[in-house]
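Next come the chains, spelled out residue by residue.
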Amino acid sequence: MRGQGYKENDDIYTLVEKIKEGDREAFMTVTQLYQKKVYMLAYSYFQNTEDAMDIVQETFLRLYQKVNLFKRGKNFQNWLLQIAKNLCIDHYRKNYKRNKEWGWKEDIDEAHLIDYKELDCHRSKDLKLIASLCIKKLPDRQRMVFLMKHYNNLHYREIAQIMNIALGTVKSLHFKAAQNLRVLMSPYLEGGKNEGM
Amino acid sequence: MRGCKKFKKQMVAFLSGELPEDNQEQFITHIEKCIQCRNELVQLRNVMNRADILNEDVDEAMASVDWDALPAQIADFVFKKEPSLQRKASAGDIFKVIFQAKFRPVYAGVLLGLLLGSVITFMVLRVPHIKEMRGREFFASGDFLDRVDLEMARRDTLDYLDKSQYLLLDFVQSPPERLSEYWQKDFASSQAKDLLSKKKYMNHQLEKFQMAKAKKICDQIEFLFYELTQISEELSVEELEKIRNFIENRRILLKIKLVKRELEESEV
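Protein chains in written order, with this note's numbering: chain A, 1 to 197; chain B, 1 to 268.
Bear in mind the hints are in silico, worked out from the structure with no lab data behind them. You may find that some hints are simply not true.
As the list claims (entries may be wrong) - Stretch-level coverage of chain B by chain A, calculated; a stretch enters the list once three of its residues show a Cβ under 8 Å from a Cβ in chain A:
no., stretch
1, 6-14
2, 41-54
3, 151-161
What the hints assert, rightly or not - Calculated cross-link-like contacts (lysine-lysine; reagent style DSS-like; alpha-carbon spacing at most 30 Å):
no., chain 1, residue 1, chain 2, residue 2
4, B, K33, A, K18
5, A, K74, B, K81
6, B, K33, B, K9
Think of the CB as a built atom: it goes at the ideal place given N, C-alpha and C, for glycine as much as any other residue.
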C-alpha cells in the first residue's frame with residue numbers, strides 16, 4: 001500500500017503539493033507515513049483506542065482541509081502533530097472536562113480510598129493503572145510534554161515546536177511533571193504512604 | 001551541598017538523554033559527590049521507568065490496529081467529507097497565479113505607473129490653477145466694475161450736459177433773425193445729431209444707475225435737439241422765439257448747470 005504509484009524518494013513537500021491538487025494516492029502515502037505517530041500521541045493522551053482513532057481520523061481530515069496553509073521549509077511532522085495535539089485538547093474539553101469523565105472508571109482519589117493498599121506496583125497491571133491515574137492528574141501542559149517525551153520519543157526541540165513554546169519552557173514543564181509524578185506515585189511505590197502533591 | 005538546586009533541575013533532562021554534553025560531566029561529578037542528589041536521581045529514575053510501563057499499553061494498542069487498511073479508510077472518510085477541496089484549491093490556484101512571484105515586477109511597474117500618472121495628473125491639473133492665481137493681479141470684483149460703470153456714466157452725462165449747454169446757450173444768445181441760419185450751419189446741426197445719438201446710448205446708463213434728475217433734464221434736452229434739428233428755412237421767427245422761450249421758461253440752462261454741479265460733486 002505504501003507509496004503506491006510513488007517513488008520512495010518522493011519527499012514530503014512533493015507529496016504535500018500533490019495533496020493540494022487533491023491527489024488521493026499522495027494523501028494515502030502521507031497517512032501511511034504519519035498515522036502511527038499521530039495515533040501514539042492520541043492514545044497516550046486518552047489511553048483508549050476509540051478516542052485515539054477519532055483523533056487520527058480528524059487529524060488527517062484537518063490536514064486535508066488546511067494543507068494549503070502548510071509552507072515549504074516547515075517541519076511537516078511537527079506541523080501535523082501540532083494539529084493532533086490541538087485536536088486532543090479540544091476533544092478532551094468537549095467530551096470529558098464538562099462531564100467530569102475521563103474514560104477510566106476509577107478516579108485517582110477513589111483509588112486512594114478503595115484499593116491503593118491492595119495495588120501492587122510490582123504487578124504490571126497495577127503499575128499501569130497507577131501510572132495512568134497519576135499522569136492523568138498532571139496539569140494539561142505538563143501531561144502533554146511528558147506524554148510526548150516518553151511515549152512519542154520526541155526531543156525537547158520538537159516538543160517546543162509542536163506546542164509552540166520556548167525550549168526552556170519544555171524543559172521546565174518536563175521537570176515539573178516528573179517531580180509531580182514522583183509525589184503522586186510515592187504512596188504506591190513506598191508501600192502506601194499517602195503523601196499528596 | 002552547593003549547586004544542588006541547579007543539578008536537581010537537570011536530573012529529568014539527564015535521565016531523558018537531553019542534557020547537553022558540556023553539562024553532563026559536571027552533573028555526573030556532582031551526583032557522585034552528593035548523596036542527597038544521588039538518592040533523588042534514583043527515585044526520579046524509578047518513577048520515570050515505572051511511567052514508561054505505559055509504553056507496553058501503547059504498543060499493545062498499536063498492534064491492535066490494521067495500519068495497512070487505515071490509510072484507505074481515512075482517505076474514504078476525508079474525500080467523502082471534503083470533495084470540494086479540489087475546487088477550493090483551484091480558487092486558491094487562481095489567486096496564486098495572479099500573485100505569483102514572477103509577476104511581481106509587472107505589478108510593481110503598474111503600481112509605479114499609477115503613482116507617476118497620479119502625480120503628473122495632479123501637476124497638470126494644478127497648472128491652470130497657478131495661472132488663475134497669477135491672473136488674479138488683474139482681477140476686478142463686480143462691485144468695482146459697477147463703480148467704474150457709474151463713473152463712466154457720470155462723466156458721459158457731464159460731457160453731454162456740457163456740450164448741450166453750449167449749444168443751447170448759443171441758440172438762446174443768437175439774435176432772432178439769425179437763429180434759423182445758426183441751426184442750418186453744419187457744425188450746430190451735426191453736433192446736435194451727435195448729442196441725440198449719444199443720448200440714446202446714455203439712456204441705459206441713466207436708468208441703470210437711477211440718475212433721475214439727470215435723466216429728466218437730458219430728456220428735455222433731447223426733445224429740444226430733436227425739435228431744433230428739424231429747423232428749416234420755412235420755420236417762422238415766431239416759432240423759433242417760442243422754442244427759445246420754452247428754454248428760458250423752463251430754465252433749462254439753469255437746470256443743466258445745477259445738475260452738472262451735482263454730478264461734479266458726486267464724483268465717485
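Each hint, compared with the structure:
1. Counting residues of the stretch 6-14 of chain B whose C-beta sits closer than 8 Å to any C-beta of chain A gives 4, which meets the bar of three, so the coverage hint holds.
2. Counting residues of the stretch 41-54 of chain B whose C-beta lies closer than 8 Å to any C-beta of chain A gives 10; at least three are required, and the coverage claim holds.
3. For the stretch 151-161 of chain B, the assignment as covered by chain A is violated, since 0 residues bring a beta-carbon within under 8 Å of that chain's beta-carbons and 3 are needed.
4. At most 30 Å may separate the alpha-carbon atoms for a hinted pair to count; B:K33 and A:K18 exceed this at roughly 58 Å.
5. Between the alpha carbons of A:K74 and B:K81 the distance comes to roughly 27 Å, so the proposed pair stays at or under 30 Å and holds.
6. Between B:K33 and B:K9, the direct Cα distance comes to roughly 17 Å. Compliance with the 30 Å bound is thereby established for this hinted pair.
In the structure shown, a violation is registered for the earlier hints numbered 3, 4, in ascending order.
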